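Given next are the chains, with one letter for each unit.
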Amino acid sequence: MGTFIIRATTVVSGGTPLTDANISFVPPQAGWIIDYTLSTSLLAVINQTGPLYPLGTLEALDKSNLVELDFIQSLRLGCGGTSIYLDGSTDPIALADLPKGFSPTSAEVMVNMGTIRQSGGTAHYHLQQKSGVIGTTDSNSFAYPPPTASMASIVGGGFGIDVNLLVTGGSNSCSIAFNDLRIEGIYVVLSYGATVTPSNPAFTTVGDIITIASVGPASGMDLSHVSVNITYLDSSNVLQTINAAPSIQNPQQFVFTMPNFTTAVQVTVNAVGDGTQFSGSVALGILLTNNFTDGTGIYVLEPGKTNDTLYAQGSNPIQTVAVAIPNPFIKTGFIP
Amino acid sequence: MSVRDHTGIVLSVFNGLWNRGDVDTTPIDHFSDCNNIDFIGNSFATRPGIDILQSVNVPIDNIVRIYNYATQTANTLIVLAIDGSGNGNIFHIVSPTLVYGPILTIAGMTDFAFVPYAGRGYISPFAASQPVLNSPNPLLATLASGSGMGVGVYEYAVTFANASGETAPSALTSITTITALAAPIINPVITDLGTIGGGNALTPGATYQWLFTYTRSGLETSIGVASAGFVAPAINHIIGLQASAAPPSINTPINIYRTLANGATYYLEYQYLGGNNISYPGFANGYTVVGIISDAQLLAANITAPSSNSTQQQKVVLNSIPLDPTGLATSRKIYRTKANLLALLLDHTLADNTTTTYTDANADATLTTAAPTVNTLYTGTTLIEKGMSGQPLYVYTGDGINARPAAGAGLSGTMTVANGIGGFTDPGQRIFGIVSQTISGYNSPPTVLTPFITNGTSVSFGSIPTSGSAVVVKRLLVSTIAIPAAQYAVDSNLSDYQFFFVPNAVINNNVDTFLNNISFYDADLLADASALLQNYTTIPSGSVLTLYHNRLVLACTYTDISLALVSRIGEPEAINQITGLIIAPLDGNPLSNAQEYRDVLYLFKPSKTLSYTDNGQEPAFWPLIMIDTALGTQVHGIATVLDSGSSSVDFLIVCTYQGISLFNGKYVVPELSWKISAFWKALDRTKFNIIQAVNASIQKEIYIILPTRQMLMGNYSNGMDWKNIRWSPWSFPVNMNTVAIYNIDQIIFGANL
Chain A
1 MGTFIIRATT
11 VVSGGTPLTD
21 ANISFVPPQA
31 GWIIDYTLST
41 SLLAVINQTG
51 PLYPLGTLEA
61 LDKSNLVELD
71 FIQSLRLGCG
81 GTSIYLDGST
91 DPIALADLPK
101 GFSPTSAEVM
111 VNMGTIRQSG
121 GTAHYHLQQK
131 SGVIGTTDSN
141 SFAYPPPTAS
151 MASIVGGGFG
161 IDVNLLVTGG
171 SNSCSIAFND
181 LRIEGIYVVL
191 SYGATVTPSN
201 PAFTTVGDII
211 TIASVGPASG
221 MDLSHVSVNI
231 TYLDSSNVLQ
241 TINAAPSIQN
251 PQQFVFTMPN
261 FTTAVQVTVN
271 AVGDGTQFSG
281 SVALGILLTN
291 NFTDGTGIYV
301 LEPGKTNDTL
311 YAQGSNPIQT
321 VAVAIPNPFI
331 KTGFIP
Chain B
1 MSVRDHTGIV
11 LSVFNGLWNR
21 GDVDTTPIDH
31 FSDCNNIDFI
41 GNSFATRPGI
51 DILQSVNVPI
61 DNIVRIYNYA
71 TQTANTLIVL
81 AIDGSGNGNI
91 FHIVSPTLVY
101 GPILTIAGMT
111 DFAFVPYAGR
121 GYISPFAASQ
131 PVLNSPNPLL
141 ATLASGSGMG
151 VGVYEYAVTF
161 ANASGETAPS
171 ALTSITTITA
181 LAAPIINPVI
191 TDLGTIGGGN
201 ALTPGATYQW
211 LFTYTRSGLE
221 TSIGVASAGF
231 VAPAINHIIG
241 LQASAAPPSI
251 NTPINIYRTL
261 ANGATYYLEY
271 QYLGGNNISY
281 PGFANGYTVV
291 GIISDAQLLA
301 ANITAPSSNS
311 TQQQKVVLNS
321 IPLDPTGLAT
331 SRKIYRTKAN
341 LLALLLDHTL
351 ADNTTTTYTD
361 ANADATLTTA
371 APTVNTLYTG
381 TTLIEKGMSG
391 QPLYVYTGDG
401 INARPAAGAG
411 LSGTMTVANG
421 IGGFTDPGQR
431 IFGIVSQTIS
441 GYNSPPTVLT
451 PFITNGTSVS
461 FGSIPTSGSA
471 VVVKRLLVST
481 IAIPAAQYAV
491 DSNLSDYQFF
501 FVPNAVINNN
511 VDTFLNNISF
521 YDADLLADAS
531 ALLQNYTTIP
541 SGSVLTLYHN
551 RLVLACTYTD
561 ISLALVSRIG
571 EPEAINQITG
581 LIIAPLDGNP
591 LSNAQEYRDV
601 LYLFKPSKTL
611 SYTDNGQEPA
621 FWPLIMIDTA
631 LGTQVHGIAT
641 VLDSGSSSVD
651 FLIVCTYQGI
661 SLFNGKYVVP
671 ELSWKISAFW
681 KALDRTKFNI
691 IQAVNASIQK
701 EIYIILPTRQ
711 MLMGNYSNGM
721 DWKNIRWSPW
731 SFPVNMNTVA
741 IYNIDQIIFG
751 ANL
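Chains A and B supply the protein sequences, listed in that same order. The first sequence begins at 1 in the numbering used here and counts up one residue at a time. The second sequence begins at 1 in the numbering used here and counts up one residue at a time.
No lab work stands behind these hints: they were computed from the structure. Source: prediction; values computed, not measured. There could be a bad hint or two in this list.
[Unchecked claim] Looking from chain B toward chain A, a few residues come up when the C-beta cut is under 8 Å (computed):
| id | residue |
| --- | --- |
| 1 | Ile37 |
| 2 | Ile40 |
| 3 | Gly41 |
| 4 | Thr46 |
| 5 | Leu53 |
| 6 | Asn57 |
| 7 | Gln746 |
| 8 | Asn752 |
[Unchecked claim] Which stretches of chain A does chain B cover? Using the computed rule of at least three CB atoms under 8 Å from a CB of chain B, they are:
| id | region |
| --- | --- |
| 9 | 132-143 |
| 10 | 296-305 |
| 11 | 323-335 |
Using N, Cα and C, we set each Cβ at its ideal position, and we do this for glycine too.
Kindly generate the complete structure, drawing on both the sequences and the hints.
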């Protein structure tokens, strides 16, 4: 069990990169700004005073003499790239670098409130999980409902905050200041396993029937609550993902037909939990495809070894294939 | 006899494959067929499996050749792999997790020969090529009078050609064409010198005129301006001639022509070899006496003045154009550069194999077709493993730095020489030079040759050139002994003299440019450096490399498949181009292997074995003994034992067309593979170059890569003779191409596609 924090790395909507010309004061560091009508601006500033303590500020100022200004705006943030801090680490990692079997057991969007200034107006805010999922008014935390969504879903959905600032007359103003808008949670690393058949050294090809087997949810992976995908690096070294459609799916078995993997030499079979038993992606095995044709390389004769182990040139990282020693036999001479 | 009474036959000894004659003749203790069997005691089991050697993310693939490479500190591997573009890449595998390279990449390299020497590795790239007709010898070229070509330096070469191909060009022949020499602009001035002794043979009262021409290389200009008419005086008068001004060169022959009495035709009266024989105003000699040859004598000689200028030499006569002695060539192509340029272009085609002369007057602009760079005139279809065209022998230092060409040219440039302060030398004319030394100990030929007369004091040198090559680590001063002045006067070719290393005159870096106050006597000059002048500066690659008596032996170069190059003792990059050569008897087959055994150098052809013995003289004088005129081997056909060469327990294991034989100075009969002679003789002989053998002394097994890309294993734990050795073919799920022994007893295989 451990803790994780997800922090924003991009603005998805509601903001543009902050420039000095658009703000009434110069924030110490970069952030975002949301322009609004006339001279009223809503500022969203990430004040990065340290690697762990970004400061978020939303501020609405009525700089006009309008009678009433009702300002509603959302800021949505993305968490792509290295956005996840595990167990208090100061070095963020990406989703793909999470430990196999990583499964969040709880998560919530959180913010540390700074100030809400209400001078002739009202200021309220709502935390957001994925787009359209809004928390309680003026609450500093917004927990994901159980079962906790997968880490991929949490990271992919991003998070945000919306504000509602209402000023009713000239010289009135209100603002909201807060810091460290983030997602916090607790995770476990599941050790549920399943086996993929065929496995090495057999080679797979398009149309092969692939069977994933488990002992079931009591002590193994619950295959009725997973989806399966095939990942591989394409010729441009870009990770590609193909979802595998099950022909049979129950707690003990997930059977699918090998989809087209183009020219990949190796593919990885992954189980993606739906959160019932675990979330996230677990690699179940690596299959060498029928595009593996190059076993060349340098070998050493190993006394006592009962099979031949070959390189699968072209796989990355390099894979090996265990094959039987070809056709050992003897024929005796004629025995009278 | 009932089954109950049958006496069982106990098979307790298994002596491996028997494959000769009818299968029914297989002895009961042998296998009529087998595969992937290893022998344990008197029994057998499935052969051991193979495992990957490299534990790296991107292991080397498509392996063609592996050699054991013992460096100063470790036992490592040198590996050739072919990439998808057909480039041969050589890697140095230091450990399963550490790979250097590629340390050498050569397009078209399909194999290489390798020997370690003093921690360094010598690499000779080679490839399989069809045999080709040798390029012609160079032709001869002489200038001819006339126009057509430009003016400047021209290089000529010739090729043999027929409908199927053309050789590479011959060595170059250089010649410089010259423009016409202008007719004299000076004219004779004739003076009656009166009666001062002597006289003339002219007709008194008759009018005469004189004029000049010049001669160059036997060719004469047109006539110059004639003298004013001169009325001959009495015959006791001396008639003097002066030129109106100085001739253009004291070295230009000048001719004096004269009319007959009152005549208009000019006849040759005198010819002077140089302008300094002609008097002209201010010249101390005063006058040249003329008119002492009578008109009748001139008429008798009848040499009249030329009507035109014939000194223009912008034509070239080509002589001794080589004929193809084999008759394979049906034409020969003459290539020429444009004036002062380097690219050879087609000049003329002689559409026969008989013509030996051609006069070239072609303008540069008419030349367009480039000369071939690769010899495509094949004399046969059988592929021959030989050195690559244009590729040298390489040296690798074992540290991951790219291999570089072995040997190398000397320094270029000039240096200054001056008498030093104090010290001593033997006074006299001498020639100094500089020898550069590389990090691998190779001494270049002496260059920067500079004549200087020492006065008895020490000598100082400045502006000594440095090398642009980072591998040059030393520069050494060389000198002749004092040269007698008379000898130097008649032979000023600086490289004609014998050079010696000057003791203690060494710059131990490639930075400093001076050597000050060097003292030595001629008696101190003991270490000869002249032999360096005859060394290869670029050693051609070959398909054979070995060591013999601490000499490097390289054989079967691209241009000469019967040639072996042998280095000096302890200097593997110093190969004398005259005395370091061994030419095996020519029979159309290449030298394919070489091995020292019992102090004798054995050279192998695919079906011939020769020996040369170091008799203390230079390699060219080593005596040849023909060992076997039927048995030989291919480029990897002698079993390697670790990195120590190829002999173990005082024999060689040689893969011949006949079979696998023990060689102890002669081939032992019956051959080691006698029991499987049918198996061996069924192998594709055209692919015997694939065969590579190693002798694992610890396991007492021989491993031989076969033309089928599989393997033959011979276990000799019961005895190394035809009867007791036990054979088994081994097959693998990949195509094995090479085998080596690593770390004493690890058997390493290389597989390619």
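To see whether the hints hold, each was checked on the structure:
no.: 1; hint: Ile37; verdict: holds, 6 Å
no.: 2; hint: Ile40; verdict: violated, 10 Å
no.: 3; hint: Gly41; verdict: violated, 15 Å
no.: 4; hint: Thr46; verdict: holds, 4 Å
no.: 5; hint: Leu53; verdict: holds, 4 Å
no.: 6; hint: Asn57; verdict: holds, 5 Å
no.: 7; hint: Gln746; verdict: holds, 6 Å
no.: 8; hint: Asn752; verdict: holds, 5 Å
no.: 9; hint: 132-143; verdict: violated (count 0)
no.: 10; hint: 296-305; verdict: holds (count 10)
no.: 11; hint: 323-335; verdict: holds (count 12)
Hint check: violations occur at hints 2, 3 and 9; the rest are consistent with the structure.
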